[in-house]
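Start from the sequences, fold in the hints, and give me the full structure.
Those sequence lines, one after another, are chains F and D. Residue numbering for the first sequence follows full-length UniProt numbering, beginning at 1 and increasing consecutively. Residue numbering for the second sequence follows full-length UniProt numbering, beginning at 1 and increasing consecutively.
Possibly wrong hints are sitting among the right ones.
Copies of the same chain are indistinguishable here, so a pair counts whether it falls within one copy or spans any two.
[To be verified] Simulated pairs of lysine to aspartate or glutamate, DMTMM-like, Cα-Cα distance not exceeding 20 angstroms: (1) K126 with D286; (2) K116 with D286; (3) K294 with E153; (4) K138 with D241.
To be clear, the hints were calculated from the coordinates, so they are not data collected in a lab. In this text the structure is predicted, and so the values were computed from the model without any measurement.
Protein chains: 2
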Amino acid sequence: MLLRHCLALALAVSLSATVAADEAKPAHTPSPKELLAKSQPQEWRTPDPQNLLVMQLPQGRVLIELAPDFAPLHVANIRTMAHEHYYDGLAIVRVHDNFVTQWGDPASDDNGDKSKLKSLGSAKDKLPPEYTRPYDAKLPFTALKDGDFYAPEVGFSEGFPVARDQANHQEWLTHCYGMVGVGRDIDPETGSGSELYAVIGQAPRALDRNIAVVGRVLQGVEYLSGLPRGTGPLGFYEQPDQRIAIGSVRLAADLPADQRPAIQVLRTDSATFAALVDAKRNRLDDFYRFPVHKVDLCSVSIPVRDAKTLH
Amino acid sequence: MLLRHCLALALAVSLSATVAADEAKPAHTPSPKELLAKSQPQEWRTPDPQNLLVMQLPQGRVLIELAPDFAPLHVANIRTMAHEHYYDGLAIVRVHDNFVTQWGDPASDDNGDKSKLKSLGSAKDKLPPEYTRPYDAKLPFTALKDGDFYAPEVGFSEGFPVARDQANHQEWLTHCYGMVGVGRDIDPETGSGSELYAVIGQAPRALDRNIAVVGRVLQGVEYLSGLPRGTGPLGFYEQPDQRIAIGSVRLAADLPADQRPAIQVLRTDSATFAALVDAKRNRLDDFYRFPVHKVDLCSVSIPVRDAKTLH
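Dropping the structure here:
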């Protein structure tokens, strides 16, 4: 029994935009890999080094793309902290199952020694809330035609999952898997970017518009999600030696050119991206007997590839 | 800065069923803990030992409740395998980030030594598909009034998240976080329960109605989700020593009474469960400025408690 194939096949997808569910199956059902192999070079973009955070953990390297168009002040502050090596030596302090992995200064924990708090240097310690931004028709937006459970309209802007409410002139980044947000206290002006979290479970969309979202993990999210869960309240690690030390966090722009990560992200306004979404929406192959003909925003993954291995 | 509170407060919820979003905030905003503290004994149920799997991993104990009303033949087969100790010594072979953790016989992998396949004993090696069940108005069903992105109607039956389509006379278990399904090959009759998976990421609802779902992890899902991700294709572990050995899987009914897990699950048709769902739906407190007034099926968690620690 090739049980290895059991779920493998669950991922085989087909391009069936022109094939109704009750028609004959298409002769060829391209996989995401096949669709990506046919992509054109101009469909890929290289993230701006000013927007790319490189976090070194003992488990591996995590790359985070920042979204300055959605949270400009927070992103600027995070750039400053990375530039001044604020995050180096801090730690992952919380892994809350089916919710978030969070990192920051352990001394800021309730039981932490406040006298040991690391200085934020020239970064600001509080910022105005940037939970939504004014709706801007000029911001690129590729709508997801399927709609959304929570927001009037969703889609992708500049590589990020986005919701928008044109009636109320707002748009915002959504809490999908791998999205990165800014921890804060009750006061909306207490977030600075010194404490960040990444979503590692079912999208907690109720957080949307209640907290500043600043970016997305492009690569290495498994080093944040594949960690033992904290056993303290809310998933905080109870013992200091359970925390995972952060080696360093650098802005790619601050690294020598030859040390910058050579990655590319599929443009969310490209034909190949549209084909991938459509394939996921209309799965119809030997494994999928009942394609659902819908796809929700947070189930769409945005491909990233290593530019060095391109042939 | 009490950054420890940043996301802690994200979880503080309020009972605001009677409070409109634009009204004054309620004086008291009970947390899930407070709501549960006021629950009545009869709102909790003890899972039938015939439906409770106890899986011992090096990381800890995982409890899975089986759903015989939705996949009776698969559940019967799994009971047989547990009874005959089939799973003992098998392994977690795959941890696919944001998707599933899967366990079974490593010899069944593509590169496995088929001569070492463990016998299924008196269990069947293939079963008819049980992906949906006929709609039954007599099956308990507590509707989630918010609706669903994928299915005409969703709610909870006997403690499980369920979707149903009355027009087509079908109902089925949904692929929410922690739900357990049966790996199979392309042929729908190749699932047996010898290979199982648990969802550890954004709910892969497109799998609904395409695969047999047999239960839900009640406790210990963090021992399945908090594992290093497999680096092979589809998240399979590439080296045998990366796999996590399963100590044993027992049906609680096969254990001496004093070794059975003493847990209780909140009834999904109870007033306290309804209050928890409503609190999650209408979050309105000092942290949440924009309650979304909706909750999606897979964001609802079903509380489990240790009966031994009750006072």
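Results for each hint:
1. In this assembly of identical chains, K126 and D286 lie within 20 angstroms of each other by CA distance solely across copies; the values are 18 angstroms between and 54 angstroms within a copy.
2. Taking the shortest Cα distances, K116 and D286 never come within 20 angstroms of each other, neither inside one copy (59 angstroms) nor across copies (29 angstroms).
3. In the homo-oligomer, the alpha carbons of K294 and E153 lie at most 20 angstroms apart both inside one protomer (15 angstroms) and across protomers (15 angstroms), since each shortest distance falls under that limit.
4. For a Cα distance limit of 20 angstroms, the shortest separation of K138 from D241 qualifies neither inside one copy, at 48 angstroms, nor across copies, at 53 angstroms.
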